[in-house]
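Peer 1: Construct the complete structure from the given sequences, taking the supplied hints into account.
Heads up: the sequence lines are chains B and H, in that order. When you line the first sequence up against UniProt numbering, it's residues 1 to 544, in that order. When you line the second sequence up against UniProt numbering, it's residues 1 to 776, in that order.
Calculated directly from the structure, the hints in this document are not laboratory data. Careful, some of the hints might be misleading.
[What the hints assert, rightly or not] The list that follows gives simulated cross-link-like pairs (lysine-lysine, DSS-like), each with its CA atoms no further than 30 Å apart:
#  : chain 1 : residue 1 : chain 2 : residue 2
1  : H       : K739      : H       : K751
2  : H       : K674      : H       : K483
3  : H       : K228      : H       : K37
4  : B       : K267      : H       : K290
5  : H       : K395      : B       : K508
6  : H       : K462      : H       : K484
7  : B       : K243      : H       : K290
8  : H       : K135      : B       : K508
9  : H       : K262      : B       : K267
10 : H       : K497      : H       : K642
11 : H       : K462      : H       : K497
12 : H       : K402      : H       : K462
13 : H       : K298      : B       : K296
14 : H       : K518      : H       : K398
15 : H       : K594      : H       : K518
16 : H       : K529      : H       : K586
17 : H       : K567      : H       : K518
18 : B       : K508      : H       : K262
19 : B       : K532      : B       : K137
20 : B       : K243      : B       : K267
21 : H       : K739      : H       : K298
22 : H       : K529      : H       : K594
23 : B       : K296      : H       : K290
24 : H       : K203      : H       : K233
25 : H       : K255      : B       : K508
26 : H       : K504      : H       : K520
27 : H       : K594      : H       : K497
28 : B       : K508      : H       : K198
29 : H       : K484      : H       : K402
30 : H       : K262      : B       : K243
31 : H       : K466      : H       : K395
32 : B       : K508      : H       : K518
33 : H       : K520      : H       : K466
34 : H       : K250      : B       : K508
35 : B       : K508      : H       : K181
36 : H       : K466      : H       : K497
Predicted, not measured: the structure shown is a model, and the values here were computed from it.
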Amino acid sequence: MSSNRSLEPSSLSLNDLPWQIEYNNDRCTLCGQCTAVCPVQAIALHPFQKRIVKTSVSKNAEHSNAYDTFYGIRQDTRVENACIGCAMCTMVCPNDAIRPRKNPGLDRMKFHINQHGIPRRRGGRRNDSGSILDRIKFTRISMLTDPALDAGRHEFEMRTLLGRVLPPRENMKQLREKGWIPPVREIYPLIIGGMSFGALSPTMWEGLQMGVAYLNEEMGMPVRICTGEGGCPPRLLRSRFLKYVILQIASGYFGWDEIIHAIPHMKEDPCAIEIKYGQGAKPGDGGLLMWHKVNKLIAAIRGVPQGVSLPSPPTHQTQYSIEESVAKMILSMSMAWGFRVPVYPKISASSTSLAVMNNLTRNEYAAGLAIDGEDGGTGAAYAVSMDHMGHPIASCVRDNYLNLTAIGKQNEVPIFAGGGVGKNGNIAANAAALIMLGASGIQIGKYVMQAAAGCVGTEEDRCNVCNLGICPKGITSQDPRLYRRLDPEDVAQRIVDIYVSFDTQLKKIVAPLGRSTSLPIGMSDALGIDDKNIADRLSIKYVV
Amino acid sequence: MMKSDYIFIAGKRDEKRISSRVLEDLIHQHVKRGNRKLEVQAFGQHGIGGRLWESYPDRMDIRIIGHSGQRTGSLGTPNTKIEIMGPASDDIGWLNAGAEIIVHGSASNGAMNGAAQGKVYVGGAIGARGMTMTKRNPRFEPPELWVLGTAGDYFGEFMAGGIAVICGLNAANPEQVLGYKPLVGMVGGKVFFRGDAKSYSDKDAKEVDIDDQEWEWLTQGLKTFLKKIQQPKLINELAVRRDWRLFEAKNPQEKAEGPERKSMSWFREQVWDMELGRGGLIGDLQETEKGTVPVITKGEYRRYIPVWEHGKYISPCQSACPTGIPVQQRWAMIRTDNIDEAISMGLEYSPFPATVCGHLCPSPCMASCTRNLSYMSPINVRLLGQAAQNIKPPKPAKTSGKKVAVIGGGPGGLSVAWQLTMKGHTATVFEAGQTIAGKISAVIPESRIPADTLNAEIERIKSYIKDIRLGEKVDAEKFNEIKKSHDYVVVAAGGNKPRSLPIKGAERALFANDFLEKAKANRIKPGKKVVIIGAGNVGCDVATEAHRLGAVDITLIDVQKPAAFGKEREDAEKCGAQFRWPVFTKEINSQGVKLESGELLPANTVVISIGDVPDLSFLGEGLELERGFVKVDETGRSSDEKVFAIGDAVGPGLITNAIGAGRRTAIAIDQLLKGQAPDVGRLAPMIDTRRVNLTYYNPRHDADTLESCSEDCASCGNCKDCGICVAVCPEGAISRQEKATGFEYVVDESKCIGCGFCKGACPCGVWELIPNTPLA
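Peer 2: Written out as C-alpha cells, the structure is:
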C-alpha cells in the first residue's frame, strides 16, 4: 500500500490508535504466529524498503544509491482493523518481539469509530478501574473483644438464604393459616450471575456448570449459577444438577417452551427463577443475538429455527406498571413449580430501585431482589449505555438495605448485588463489603470469565469484542475454531479454585470480625472508608 | 502434707489464699536459699513450678498438692521436675523449655501449648487444644506429651514439632481419641495414638507406618510413662503394636499438592457425563470432539486461509484501456521472453497498435498505472505499441462467406472490419473520403504521428481488408441497399459534422477539422494572429499547426477550464499559445473575436474547435437516436437488429474508444453469425491497488526499454511468478506447480497456519486471506 494517499476525515495514523503495536524487528523470527492469531487482523507482514545512499565529497568518487527490502510486522490503521490490545500476539510470539501498548495519550479513534453512522458497540465492561468497593476497609478487628476466630482453623458456615425469610413466628402462622411458607434455599453467597448459552461459548458454559456441580458434589459447597436468558440445555434440565441452577427468564422468553416441556421430566426443582428486568451494563436496553450466531446448537436450546436474529427487547411486553410486572411475573413463575421455587426479579441499579423493593416487600411471593450495578458486564451493548448509564452498586444496595431496616424487614427480602465485584481482582473484599453494606449474596460474571477462562479484558478497553464472536479465548464465541481453545474441564477446575480461595479469603475477612456461622449481612459498623462524603452517603465510618 | 524431705510451702496464709505473685516470690526465696525440693500446697495459683533457673545447675523437684492453677510449669526450665498429685488445670507445661511435668490425673485445655522442650506425663485425659503450637528446637530434644486417656477437640493445632503419645485408654469415643478436628495446621512432629482419629486434617497430616525403631522408642517410653504415673501394670494392655497408629505432618511439598481431591476429568467422566449422558451437556445436540485446539492451527481449524487469486482481478491498466488490451499480460510475456508474441498481441485488439497505442492515444493505461500512486514513473506502454509498427498479424480464419458492411473507414470502422476479417468474415468498408483512417490521416498533424508509422499500418490494413470502397457516399437509399445485401451493417461514420456556435459572424470562422485538413496539406496561411475557440486537445493541434504555418500570436479561449492535456497541450504551450478562460464569445467580426466583456481579441484567423457531431441523415427514419447519436446496447447494436453503430456516431470519445467499440461489435456480430447469442463478456473487476506492494521497486528508476519496463511492472493482480510467497511462508506450505495451462501456486493446508504472510509479501497483490468456511 502506498504511504502517499489522500486524506479522509477518518484517516488515522498509528499515533491515533488506542492500542499501538510495539514490534522489535531484531527479535522477530517471522514465524507468522502473531498475524495468524490476531482476532481482528490488526497486523500483517509487510515488506519495507531500505535505501542505502553512499556518497563522497571527493570529486571523482561515485555515489551509490541502493535499495534493499526487509520484512516486518505492520499495524493496520484502518478503523475496522484497529488493534484491540488483546495481546494474543504477545502470547504466541516465541521471541517476545511484539506487544500492544495502550496509547498513553487520547486516542482519536473515539472520534471515528462511528463509521456508517453506527455508534460503537462492544462487549465487556465499563473500562473504569475506579472502585468504591476497593476502597472500603474492614476496620472492626475484634480479636480481643469478641471470641477470637481463626480463618484457617475454625469452622465457618459461609451460607446465605435465597428466598423470603419470614420471622419464625410469622412462618409458623403462615403454615398454620395458609398451609404454605415461602421456599428458601440455603446457598453459597457467591453466585455466578446470568450469562446465556449463546453469549458464552458451549465450552465455557459447560465448564462453569461442571465446576459448580463439582463444588456441590465433591466439595460440599452449595454454589449456584444462573443461566442467563436463552434457555438451558435439555439434558441439564432433566438432570439432578438442575438443583444448582437458577433459571433466568427475560424479555425475549427464549428457551422457555423447552423448559416447560422439560418440567414433567425434572428430577429436581431448579434453585430459583430470576426474572431479568435490567442489566447494570446497559440499563434500559435490550439485546439482540445476531442471526449469524444462531447456529444449530443455539437454535435448539433457544427453541428457534437456525439463522434468525433473536431480539430481547428493553422491556417485557404486556407489563405496564411495576405492580403488574412484579405481581404477574412472580406469580406466574412461582406457579410453574407449585410455589416450591423461589422467584425474584433482577434489575439494574437505579435511583428507582427503592420503589421496586418497596413493592416486593408487599408481595409475599417475592423471594429477593437482585441488583446489578453500573459496572456489570455484558456480551454486547452500545458504548454510550455502558459508559454513561447506570448506578453504582454500593449506594444502591445500601439504600435498599436501610430501607428494609426502616420497615423492619432487613434480610427478609434478601438483596443480591452484582456489577463490578472483583473488577480489579479483589473479589472477596468487594463481596464482603457489599455483604456488610446489606447484600445477602453476590453475583459475579466478568470476574469468572477472567479468572476461570482467562478473559483478557481489563478496565482499560482491552479486547472488548465479546459481541463479535471473535473472542480470542473462546469464551464468547460460537466458532469451534475459537471455543475449542477452551477446555470445559479446565474452566471447571478454575471455578473450583476460585471458590475455594474465595472461601478462604472471605473467612479471613469475617473471622477477625468474630463471625463464623452467619454472614455479616449489613454489619456496616465493620466498614470504613477514607472519604467523608462516601462514608456519610453509605452510613459507614470515616477512617483516616 | 506428705512425710518427706520436701519443704512445704502453703498456698494459704491466715486461711486466705495468697496471690500468685506472692507464692511465686515465696518459691523463689526458697530456691535462693538452696532448697531444692519443694512441696507446694496450691490453691489455683498461676504458673507454679516454672522459671526456676536460679537453682542452676542443681535440679529442682516441685510437688504440687491441692489445686494446681493454670499454666503450671509454664516457662519451665530443664532442671525442673514437677509432679502434680491430682488433676491439672489449663495450659499445663505452657511454653515449656525443658521441665518434666507429671500429672496424676487429667489435665484440662491447652496442655503443652507452645512448648518447645520438656515432657509432660498425664495420667488421665486432656482437654481441648492440647499439644498445640508445640515446636522443636534442633539444639534440644523435642517436647513430649504422654496422655493415658484421650485428647480433647482441636488437638495438635499448628503443631510444629514434638511428639505426642495418646494412649486413648477408656475412650468415651474410640473413633475420635484425638478429639474433633485434630492436627489442623500441623507442620511438624509426630502423634502416636491408639484408636481412631476421624476428622483429622488430612490437608496437614498424614498417617504413616510405625517402623521398628519407633516402636522400640514407643515401648520404652510407655514403660517410663506408666512408671511415672504409677500404672506400670498397664504395659501389657498398651504395648500392642497393632493398636497403635502414627500421624506425621505433611511436608511442604506434600501440602502444596493439596488434599487429595478427585480430578476434574474423573468427575467429568464418572459424574457429569454419567448423569447427563455421553458427550455431556450438549452431547444430544452436537457431536463435539473432546480436547482443545491450539491457538495456532493448521488445516480446517485455521480461521483464515490464503487464496492465490491470480487473474481474479484485472490490472488498472487493462481496466483503463478502452480498447480492452490486457496490457499487463504483455509485460508478463516479455518477462518470459515471448517478446514477439507480446508485441503482436496488439494486433489482436487493434489494427493501429503503433499509430494509436504508440502515438496518438492519451494512454489511460499509463495514467492509471499503480506506480503513479507512489510517484514512480508509470510503465511506458507506448513502447509496446510503437514496437508493433512492422509486425504481421496472424493468419485470418477460414472464410465464412458472411458479409458485413462497414459505413466509414475511420479507426472505428477499420477496427470492426479488421476484427471481422480476422474471424473469416468479409467486411466491406464504405468510405466517403479518399483516404482511410479518418481523422488520423486527414486531420491529426504529422507532428503527432510520424507518416511512416501511419502509412505502414494503413498498408497493413489494406492488405488484409480487401474491399475498401473510397469515395462512396452513403445516403438513405444506398444504406437500405447495403443493409439488404449484407448480413449486418456497422455504422462507423464518425462525428463528421463540426459543432458551431450560435453567434453573429460564426460563418467567418473555420472549423478545426477543416483547418487541420488544410494545414496538413499546407493549403492554408493562417496569418500572424490566430484565436481558437475551444481549448481542447484538437484546439491545441490547431494551435501547433497554426504556429508551424507562421502564426505567432495564438490564443485558445474557453468558457471553462481548458480540457486540453498531455502532449497536445505541451506542444501548444511550446508554440507560445495562450489559454484564456472563462471567456464568452459575443461575435466574430473582421477584426477578430469580440467577447461579451467588450474586449476584442484581434485575429487573422478564427477557428472553432468545440467538437463534432455525427451526420446520420443517411440512416433514414427507422433508427432510434438519442441526442443526435445512435442509441445502442453494449454490443453496439442499434434499434435495428441488423444495424450496429460505434465510435463518434454513438457518442464522442477517443480513438481508442472507437477501436474498442469496433472490436466488441465484431465479437458480437461473429457470435450472431455463428448462431450464438451476442455476449461481449465482462471484464473482471479491477484489483484494489492497496494489495499491490511497490516496496520492491527502485523509485528512482525510469524504465525505458521493453525489458526493463516488464521488470518494473508491478503485475497488479497477476502472479509475477517471483516465488517470494514460497520464500516467505514460515511453514513452507506454498509450492509452485506446473499445470497444463501454466503454473499455479498451491497451499498445503496441512502445513499452512493462515498467517497471511504470502498476502503481505506478494508484490502483485495476488494472495488474499479469506475467512475459512464455517465449521458446523
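Peer 1: Each hint: holds or not?
Peer 2: Now for the hints, and whether the structure bears them out:
no.	hint	verdict
1	K739(H) - K751(H)	holds (22 Å)
2	K674(H) - K483(H)	holds (19 Å)
3	K228(H) - K37(H)	holds (18 Å)
4	K267(B) - K290(H)	holds (27 Å)
5	K395(H) - K508(B)	violated (97 Å)
6	K462(H) - K484(H)	holds (25 Å)
7	K243(B) - K290(H)	holds (26 Å)
8	K135(H) - K508(B)	holds (25 Å)
9	K262(H) - K267(B)	holds (25 Å)
10	K497(H) - K642(H)	holds (25 Å)
11	K462(H) - K497(H)	holds (26 Å)
12	K402(H) - K462(H)	holds (19 Å)
13	K298(H) - K296(B)	holds (25 Å)
14	K518(H) - K398(H)	violated (42 Å)
15	K594(H) - K518(H)	holds (25 Å)
16	K529(H) - K586(H)	holds (19 Å)
17	K567(H) - K518(H)	holds (22 Å)
18	K508(B) - K262(H)	holds (26 Å)
19	K532(B) - K137(B)	holds (14 Å)
20	K243(B) - K267(B)	holds (9 Å)
21	K739(H) - K298(H)	holds (26 Å)
22	K529(H) - K594(H)	holds (14 Å)
23	K296(B) - K290(H)	holds (19 Å)
24	K203(H) - K233(H)	violated (38 Å)
25	K255(H) - K508(B)	holds (20 Å)
26	K504(H) - K520(H)	holds (29 Å)
27	K594(H) - K497(H)	holds (25 Å)
28	K508(B) - K198(H)	holds (26 Å)
29	K484(H) - K402(H)	holds (13 Å)
30	K262(H) - K243(B)	holds (21 Å)
31	K466(H) - K395(H)	holds (14 Å)
32	K508(B) - K518(H)	violated (108 Å)
33	K520(H) - K466(H)	holds (27 Å)
34	K250(H) - K508(B)	holds (23 Å)
35	K508(B) - K181(H)	holds (19 Å)
36	K466(H) - K497(H)	holds (28 Å)
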